[in-house]
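Asks: The residues making up each chain are set out below.
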Amino acid sequence: MGRENSDMQQATDKDYPPLNLHVPEPKTRPGDKPDFSHIKISPVGAVAKPEHDVSAQDIKDLAFEMVRVMDEHGKPQGEWALELDEEILRKALRAMMRIRAFDKRMMRAQRQGKSSFYMQALGEEAIAVGQQLVLQKGDMNFPTYRQQGLLFAQDFPVMDMMVQIYSNDKDNLGGRQLPVLYSFKQAGHFTISGNLATQYIQAVGWAMASAIKGDRKIATGWIGDGSTAENDFHSGMVFAGVYRAPVILNLVNNQWAISSFQGIAGGEVSTFASRGLGYGIPSLRVDGNDFLAVYAASQWAAERARRNLGPTFIEWVTYRASAHSTSDDPSKYRPKDDWEHWPLGDPIERLKQHMILRGFWSEERHIQAQAEYEDEMRVTAEKAESYGTLHAPKTKRSPAEMFENVFADMPPHLRRQRQEMGV
Amino acid sequence: MGRENSDMQQATDKDYPPLNLHVPEPKTRPGDKPDFSHIKISPVGAVAKPEHDVSAQDIKDLAFEMVRVMDEHGKPQGEWALELDEEILRKALRAMMRIRAFDKRMMRAQRQGKSSFYMQALGEEAIAVGQQLVLQKGDMNFPTYRQQGLLFAQDFPVMDMMVQIYSNDKDNLGGRQLPVLYSFKQAGHFTISGNLATQYIQAVGWAMASAIKGDRKIATGWIGDGSTAENDFHSGMVFAGVYRAPVILNLVNNQWAISSFQGIAGGEVSTFASRGLGYGIPSLRVDGNDFLAVYAASQWAAERARRNLGPTFIEWVTYRASAHSTSDDPSKYRPKDDWEHWPLGDPIERLKQHMILRGFWSEERHIQAQAEYEDEMRVTAEKAESYGTLHAPKTKRSPAEMFENVFADMPPHLRRQRQEMGV
Amino acid sequence: MDGARDIKMNSKTKSMSMIESIRDAHDVMMGRDDNVVVFGEDAGFFGGVFRCTEGLQQKYGKHRAFDAPISESGIVGAAVGMAAYGLKPCVEIQFADYMYPAYDQIVSEAARLRHRSNGEFTCPLVVRMPVGGGIFGGQTHSQSVEALFTHVVGVKTVMPSNPYDAKGLLIAAIEDPDPVIFLEPKRIYNGPFDGHYERPVVPWSKHEKGMVPEGYYAIPLGKAAIAREGREVTVLTYGTMVHVALAAAEETGIDAEVIDLRTLVPLDLEAIEASVKKTGRCVIIHEATRTSGFGAELSALVQESCFYHLEAPVLRVTGYDTPYPHAQEWDYFPGPARVGEALTKIMEN
Amino acid sequence: MDGARDIKMNSKTKSMSMIESIRDAHDVMMGRDDNVVVFGEDAGFFGGVFRCTEGLQQKYGKHRAFDAPISESGIVGAAVGMAAYGLKPCVEIQFADYMYPAYDQIVSEAARLRHRSNGEFTCPLVVRMPVGGGIFGGQTHSQSVEALFTHVVGVKTVMPSNPYDAKGLLIAAIEDPDPVIFLEPKRIYNGPFDGHYERPVVPWSKHEKGMVPEGYYAIPLGKAAIAREGREVTVLTYGTMVHVALAAAEETGIDAEVIDLRTLVPLDLEAIEASVKKTGRCVIIHEATRTSGFGAELSALVQESCFYHLEAPVLRVTGYDTPYPHAQEWDYFPGPARVGEALTKIMEN
Ligand SMILES: Cc1ncc(C[n+]2csc(CCOP(=O)(O)OP(=O)(O)O)c2C)c(N)n1
Ligand SMILES: Cc1ncc(C[n+]2csc(CCOP(=O)(O)OP(=O)(O)O)c2C)c(N)n1
Ligand SMILES: [Mg+2]
Ligand SMILES: [Mg+2]
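Residue numbers (the numbering used here), protein chains in the order written: chain S, 6 to 428; chain F, 6 to 428; chain D, -2 to 346; chain A, -2 to 346.
Hints were generated in silico from the structure; no laboratory data involved.
Don't take every hint at face value.
Covered stretches of chain A (chain D as the covering partner; in silico rule of three or more C-beta atoms under 8 Å from a C-beta of chain D) [unchecked claim]:
1. 11 to 25
2. 107 to 121
3. 289 to 297
4. 313 to 327
Just so you know, even glycine gets a beta-carbon here, dropped at the ideal spot from N, CA and C.
Could you build the full structure based on these sequences and the hints that come with them?
Replies: And the structure:
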């Protein structure tokens, strides 16, 4: 038993050194040699796969470990390993490769001034693709701007995406939205907000609605590591935990917000996955560049949701290989060759390796496929451009259109303003 | 290795039963027999006391256990036990008893129409008192409306509090604020907001400022179980974790918001203390009705802050014995005799028992002291009332006063409005 | 009857306070439409701190009327998701003063879903919140926040002044395909209040607008009501202030036409124009702080549309540009004396 | 020189863009006062997505200029605590469109600390944020949010229109003992923009207001500037629209007096009155949506204070009441053609 001094509260300043502010700093800056030794990586196959009806507290450790399935030879290991059908794997690889070709083409179009803006998913393709492959028609995704994989995994027509990026005549959003802030209801793709994190709680609300109605649909929410600092990350987690909403809450930790690294969002002092524990939500930390791990963890989470066992929170560990957007220049704040040293590799390379190991893919076919997809994207982009681009519209959009869909019925003041406009 | 069906995503509705919404419900409602079997309580003295420079992850379990010091005889047990000086204990007991007498008197005054509103701390007195006793002059508390203990532990003049409650001539806030939303800068008592949770992040910001300046002051933030659902709980935790701010983040879990129980805020699925883990903040769950535990945990946290080791998050488990406020009637939503069955008892009774055990207090002196404090409060209240009460002001407050302190210098439009008012 | 839809001539009426008529509107709509769900802080088991949702959980089940965490942003955010799903959430913010955490979800999300998705996703939800002072609630239980919504494109803003309107407007709001902010002047929950705080409280049972039809009826959003016909000056107002304006007209003997706007966006500009062109004078009254209050918009619109008919400057009587003070509540509140002065002054021009 | 304080007659000047002058204001104040700290998303190491805080971390250290988590409410909330401590935080919200999560901290906390504590606690902080469209940013990188602040008692609202004012006003804002919302029209960060998007971009180096004194000077908050003297009509505007108004005056040949308000709250009503009483006509221009925009308040004030001098209704030229559309940006933007029409129309009355 300690002995307590009654005037502890009188301790003078001299008893303590002056305080100072800790500001997290990434290990490396431009010019430094990339160093990822701080990323905690579990051995392949080392993490157990729990039952679906587990409680958050029972699997605390999974929030600090990392679910990994493929070893360095592409061979699946451990309890999370599934022997996936060739068909699924082909579908996945195709989707991931097509995303990469699409991104490349759309980056180029933006540089040519054909659109105002673009954002790539380079290096993160496995995550959205793997998750979409476990979803069903009727489920709803609430994505950020880096989940084009949800669409590609459904073989969604790239033309529909491109015309939105070009804001041209065929854009389903009528030019209203910034490129890549898609809305495709039929594909279960909720209208993407430009405001970060707001849709996490909406995904939870949507899932609650399904439960309220006694339906069977589930939702997925998406957020970035940087955006977890936002308010609505918290409200989403609180509501999901309290009402046990049938939702998969995804957090893509690609190590960077724009110029600030994940430490500025709290990634220095704990794993993001561990955020789920306090909300009583079973939480996983998963290698997001390992397609087999992505698929298995997504499937586990989807099964929990469908069986009314509540939400699952998943931190996908990956790396934002590209610039944040076409407005960003990462060479200003991180080593140029960072991605080459990223310890979890390239998700496409890793899936390719697995498929070659399984015997239904080869380097040659890979090269062929890549050429084919790049071709496809070139041809489709040209076609899309024939419907106009942002600054070279095919037909001038009527300015009156902007007054539509503010409300279901246009109120008098909007009619008056439209008239003033003289259109 | 599992075998995966390629058309998993084609699973039909029939494979799953319909979903349904889980809405947490307290174990008991009016008319039921109180039942607190869901409150997880560790044995007295069972929890280890870690070093000050521990990491959140190292002491994960402390977020799920409960630090308790006094056994059922009032005897301190275990590593957290301190042999506190008689003087501190007397001070603490006196503060707690005076709070109770004060609350009683102010409740009565409100019922007599002398003030518009009142909020008691009944049953939670040990927490604020225990924490204040480890603080130093210059530190700043960011309290909610239930931490009058921070003032009582400093022997702050109750007259200054009463005149605020009566909104009378001597009110330091000039009648501006609702009763109990005190502001006493010299006593390290930040101006209380009527908006929940907003001040958690402000406490962190204040502490960051101290660190930025290389000062030695620390801050304490306060929040209720219900309010942890608010946004700024999250922002406070994020900033505290990221910048390792010298702050004690207190969460008073008194089991109830207004009419909704802690399960509606997430307390059903995890402990509130476990929320701290995801932010990398060392987190404790503590018996808030055990003064010795409160003091020891507060001291541990204060020491961490002063030694620049960063924030500590503490869930104080207690019970809101009274109505939420004078506007509330708990008999509508919970059993009337709940508090009598609360397993952690009455903090005053428990401290009394310890002091009697230590040999410097007795039942008789306790009864005497109680009478003395009730007398003190009656006399002081009468004196305070002689300066006026809300609806019976002594001197009519000049309406012009409301224009003061909107800004440091009154801008022209406020001058014009004041003139229009004709005062 | 103010353009109300669907009231059978022989509808039975019942004396109701505004709390009761709001509760009844919920009840009617939950009965008619399974997609209507209600939640908010203390709104489930207990039925809300003002008891506007009392009994709904007991009648319709926990999955349709439930308590929410103290997270205004979460409440509205979840409601946005539910609305997009196809439900019709009608949520309660405990006091308008606490709506700020939800402001982002309202402005950036609810208000914009339809437009940004070009009609693919919609957001039919109602956000109810008590507004206004007069209950010694201090600066955080007294605010009038309407102007913070009228500036937001994509939401409608409604404020009733009596039980009859409250029920009909709330039903219309719940039926509306777009987000509606439904502001409830808490000072008149239990009775009309004309600003004479020194007089005994009058209950709604003594007021004709306290007789409320049972069952379903809707009052279309966007239509003002003439609370008092008059020829000398037009008073534009809403909520509690309607009753203050009526008292001031009575007390000054000035033949004011008092227009109860009921819906601020969309606004019934037609009714306003017709009246101001008739009277040539206009006084605007609201309890909210003056600068950039909704009175500014009304003043601008009146002078834009009736400039050549105006015989005197349009006047505003409003709350002062200070936080709502606790003890000085009645100095702050724009009561019948201040309104009367404005009426008198405008008639002097 | 517009009432600027402390500029020595022989101050050296330097050509600066608005980004550079804002950066310079930070630099001057951080150099003069250790209590000035700067943080925001990407504002530390990188210096902000618009580079307004570039180099400050390198010069003043990580503890005085640092990156913040993506949490606007956290940024302002922490700043409130720091300001109460005695620091002078000057924080950046990356785009005004993202300020909503911080709105509660601004409205309920920063704006009210002084009043509710009766002067015991104060909150001297500056919240900077880029506003306005014209950069193809779509609905979430284009908003003009000033009216959401002008309605809030307890905060001041500033919007500069050129590098010279930006520096002087930002310095005054940092020195101000109360919270100041500092709105930066991002379209004119790099050069004045008169709405002729089809013409080549003009840099600030070609504009007299791009010559900015080195070192310390402050432009008092609450004082308007006359951007162009004129006799026929008063144009009230601020930010980017000042340049549009000037172009419209030139192009229509109408002798407009263009008043650059610079500070919206507190407002220089004296300057407004003097001008409108002289010209008898008034056009108000802003980029924000119309209903309940700050133009409404200006219109109301002008007609309240100059009613008997007005020869025609006060007109407003504003953004439409729709979200800022991406592809139709130039149809939405109130450019010189629309402003010119209004000038022509008001002269016809
Ligand atoms: C509310 C809000 N604040 C700020 C921004 C600006 N912003 C856009 S993306 C971004 C970084 C997001 O980082 P992260 O969440 O890690 O997602 P990532 O881009 O890495 O996928 C920022 C700050 C925004 N869009 N919304
Ligand atoms: C932002 C906000 N929302 C709602 C309220 C209304 N309100 C006041 S106290 C309270 C309950 C708070 O419960 P808890 O945090 O558990 O604190 P306790 O009263 O139990 O100490 C509520 C909902 C408020 N003051 N502020
Ligand atoms: Mg990221
Ligand atoms: Mg509580």
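Asks: Has the region 289 to 297 of chain A got at least three residues whose CB is nearer than 8 Å to a CB belonging to chain D?
Replies: Per the Cβ count (8), the hint holds.
Asks: The region 11 to 25 of chain A covered by chain D? Criterion: 3 or more residues, Cβ-Cβ distance below 8 Å.
Replies: violated (count 0)
Asks: Closer than 8 Å, Cβ to Cβ, for at least three residues: run that test on the region 313 to 327 of chain A against chain D and report holds or violated.
Replies: That given contact holds, which follows from 4 residues of the region 313 to 327 of chain A lying within Cβ reach (below 8 Å) of chain D.
Asks: Count the residues of the region 107 to 121 of chain A whose Cβ falls closer than 8 Å to any Cβ of chain D, and tell me whether that reaches three.
Replies: Coverage by chain D holds here, the residue count being 3 at a Cβ distance below 8 Å.
Hint 1 alone, counting from the list given before, is not met by this structure.
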